[in-house]
Amino acid sequence: MPRIADESGMQTHQGSNYAFTGAGLNRLGATEYTLVTIAVDVTGSTQGFEDNLRLALVTAVKSCKKSPRSDNLLVRVITFSTRVGVSELHGFKPLSEIDPDKDYPKFQPDGMTPLYDAVHSAVEAMAIYGAQLTKADFLCNGIVFVITDGVDNHSTATPAMIRDELAKIGRNEAMESVHTVLIGINLQGCRKELEGFQKDAGLNQFIDVGDVTAGKLAKLAAFVSQSVSSQSQALGTGGPSQAIAATI
Amino acid sequence: MQLVTDSHFLIGHAHHTAGKPCQDYALGGVQGNIAYAVVADGCSTGGLTDVGSRTIALTTTRALKGLSRLPGVFGPGQVSLVRGDGIRQASMILGLNPHDMLATCIYAHLSSASNSGFVHLEGDGVVAMKLRSGDIEIFRYDWADNTPFYPSYMDNPNGFIQAHGNDLTAHRLTRQHLLAKADGTFQQFTDEQIPLGRGIQGVTIPIEPPNFANIEFVAIFTDGVTQVENVDWKTAVVDLLAFKTTEGEFAKRRMNRMVKDAQKKGHGPIDDISFSVIKLNQEG
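Residue numbers (the working numbering), protein chains in the order written: chain A, 1 to 248; chain B, 1 to 284.
Among the hints, erroneous ones may be present.
[As the list claims (entries may be wrong)] To give an idea of the interface, some chain A residues facing chain B are shown, with a C-beta separation under 7 angstroms as derived from the structure:
id: 1; residue: 24
id: 2; residue: 26
id: 3; residue: 31
id: 4; residue: 136
id: 5; residue: 137
id: 6; residue: 187
No lab work stands behind these hints: they were computed from the structure. We treat Cβ as the ideally placed atom computed from N, Cα and C, and that holds for glycine.
Extracted from the complex, chain B is given alone in its bound form (with noise of 0.2 angstroms):
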């Protein structure tokens, strides 16, 4: 098996016509049998969140790349124990402040050694897999009054708790999950709400030999793909996964393709957009 990645991320119409930066950020890549994707979204009405969205995505870059190297198996609490060190380097270094680092972080982790692999989600954001049959598995998380939990929140998580009503036990987390099958219909599954208490520790997705060599992408999106003007968000997210080749920068040509063709319908994207994808390449 043979992993690839590519990533892509686009300034929204919203922060452009506000000239503000683009708070997306996505990136990912190979190393030696293991592929990592990362997209962070930082929040718009925090401090240099672009900054800290890109913080965010490069310390765990450099966590899940770290930690690869180490003998035996790990999972997201690894990843955040080694990450939050690198952001508070970070931070020091670029006079950050926490207020800089409001930005969700979804990331992937494959391997090719175990068959294996997983993604974690921290605050909101779609997932999706496609099958080699054609189907595409999404799950889309949404946090309740678009108040979604930040890893920065994790030091000290008492504010956004009570933000959330001060009720660990409360639903305040969606989980959308359906199948977008390859005849174009959509079979949507039971919604699940989860308490306030378990999403602030993030979601895991587990992925699992059984199911790996099933598997031809998995791709992971900020909340950007929910909010492209006139376009469904779950059309986006198969449009998005609707390669036509895949060599080099392909995420890239195909979200610039479906974000052009969205633009004939309205304004595209309106908040920033970003997706990165790890293709499992069965003949590698």
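Chain A on its own, in the form it takes in the complex (with noise of 0.2 angstroms):
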């Protein structure tokens, strides 16, 4: 649908209940490219270590410009509570034009979790502009990764929403595939409930960090820029990258 260009060239579109923003395709140059969604947890619970997070989501992305499939990925990083919502903190962006330091502001916790629409959004955003991208002749796939440190409690959407929205991107072949991951932190005895959201949401894989520490989101950080690094590696073979075991 529709979209309206901004003087950064990035375009606005409209998904069931989210807007989202994608670069034009009209400067995209590549032939092929990985889409990249990061939706954080910002809730009241992240207080205390939302410095940390923000320093892990920074980290991600500058080593995401590291690896060699850098020109080939577009980027779009979601923050969520019941206070900001789902909010773009931009949209699908190739790299070079993002800056980490300054594009993430410092994270403010507050808020209650509507995980749900976050997934939701991320998925929802990442099969419209892939459908895009792939009518356009480019080659794509995606991975979506979904930092919380709690289970959802206030959102619209549900986790079978998610799921028929990932099954319908196998379905249309808007997409090559689409890899997703549910990262728990700090989840203090609700490792069950979020373990039991990514079954029924259809999510790939679910990984439980523990206990938050400096060194622990450094991991996440890394593993999070590998797993980029892979799936952008599996464009063209029809299939999914395999999952990077993590040890964090």
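Both chains come to you apart, so use the hints to assemble them.
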């Protein structure tokens, strides 16, 4: 659907419940792209480690810039909480146009957890934008990371809606593959619920990081970057990359 | 007028399954206000013609770029002379023999300063010009008995002339000329039979100022475009010029998708396939 391009060449697209932005296709020169979405929980419970969480995000995106596939990555970053809703820090954008130090402002944790809405937005936006890339002759796949410290308690979307959206991508051949990773941090007893959500929503991988430390968040950043590289290298094979076994 | 180029070449099914290298090559580029596009197709029964096709394409490119720096206009005759020198040097350095150099060559040279240019064909292949109206003017050249003229024969064409019956007036090269209309139909013009004596000089299609502004893309193809399994060659040409976007590697994207779609109906390109495209961007 229709898009309005702003001065930076980003176009706005409308999903079922959320708008998102993506680089105008006329600006993209490569033959293939991996779409990357990182969704970060900024609810009240992340207070106390929000700076380390932001640092992990900054480090992950900076690491992606060093990947040999960096010219073939389009990255979208969203945060979620009931205070900000599902908020896009930036839409699908070439890495060269992202300055992680400036583009990711200090997180301000507050509010409850619209986890399902965030995952649904991540998957649906990827499906819509990926389908447009595919239609315009680009080869494309995607990877979604959702980083959360708790279970959903405030969404309109459901795990079934997310599962449907993922199934649609495969059915419509909108993208070559999409890999989805749910990352739990500081879970404190809600691991089982998140595992249940992973299964119900049809997400590919669940990783429990455990208690937050600066070292673990650094490892998390490295995992994100490695997984992105791996998925990007899988482009053209017809399937997703092999999940990287995370020991964080 | 801004000129931009892109090109792509892919191995065909026959060479892939036979463990042979891709013997097609394509390149293009812009130097100041000129743009060039080159494709070359090595002979399957020749020697190291994968190297030969690259050598011919690269030396042709070098000749086009060098001649463009000089004042005045130039044509295929000058390109051939300068290229010949390059081929001799490259052959000596790489230890190539004439058998390795059996490759066709098509090149296009456009200037946004003079709003003119030309396409020159040595051997066989297809030339297409997509007009701003959406129509595509297409020229296809085929040599009789699938025995094309290679530029490397120029040093001693007697063997080639004999292989074609030793009659320079005999019609051995066929040109099909047609218009693929934007509405999806084709208008076929009369086929032209070209005598052997004229064919070995190569065929030049001039692009003059009145037409220049009407053209959106000039594309040249090796004969691989006529051998995509279960895809009519005219449709293959039209499909390859149906660019969705034209930033960066636009020709690679289009060919990759076209081949992927063709492989749903058959083996895709049976022969190696290559094309090189110049986009004439009016906004530049």
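Here's how the hints hold up against the structure:
1. For the restraint placing residue 24 of chain A at the interface with chain B, the shortest Cβ-Cβ distance is roughly 9 angstroms, beyond the 7 angstroms limit, so the hint is violated.
2. The interface hint given for residue 26 of chain A holds, since its Cβ lies 5 angstroms from the closest Cβ of chain B, which is under the 7 angstroms cut-off.
3. Nearest Cβ of chain B to the Cβ of residue 31 of chain A: about 5 angstroms, under the 7 angstroms cut. The hint holds.
4. Checking residue 136 of chain A against chain B by beta carbon gives a least distance of about 4 angstroms; that is within 7 angstroms, so the hint holds.
5. Nearest Cβ of chain B to the Cβ of residue 137 of chain A: about 4 angstroms, under the 7 angstroms cut. The hint holds.
6. The closest approach between the C-beta of residue 187 of chain A and any C-beta of chain B is roughly 43 angstroms, which is over the 7 angstroms cut-off, so the hint fails.
Hint violations for this structure: numbers 1 and 6, all remaining hints satisfied.
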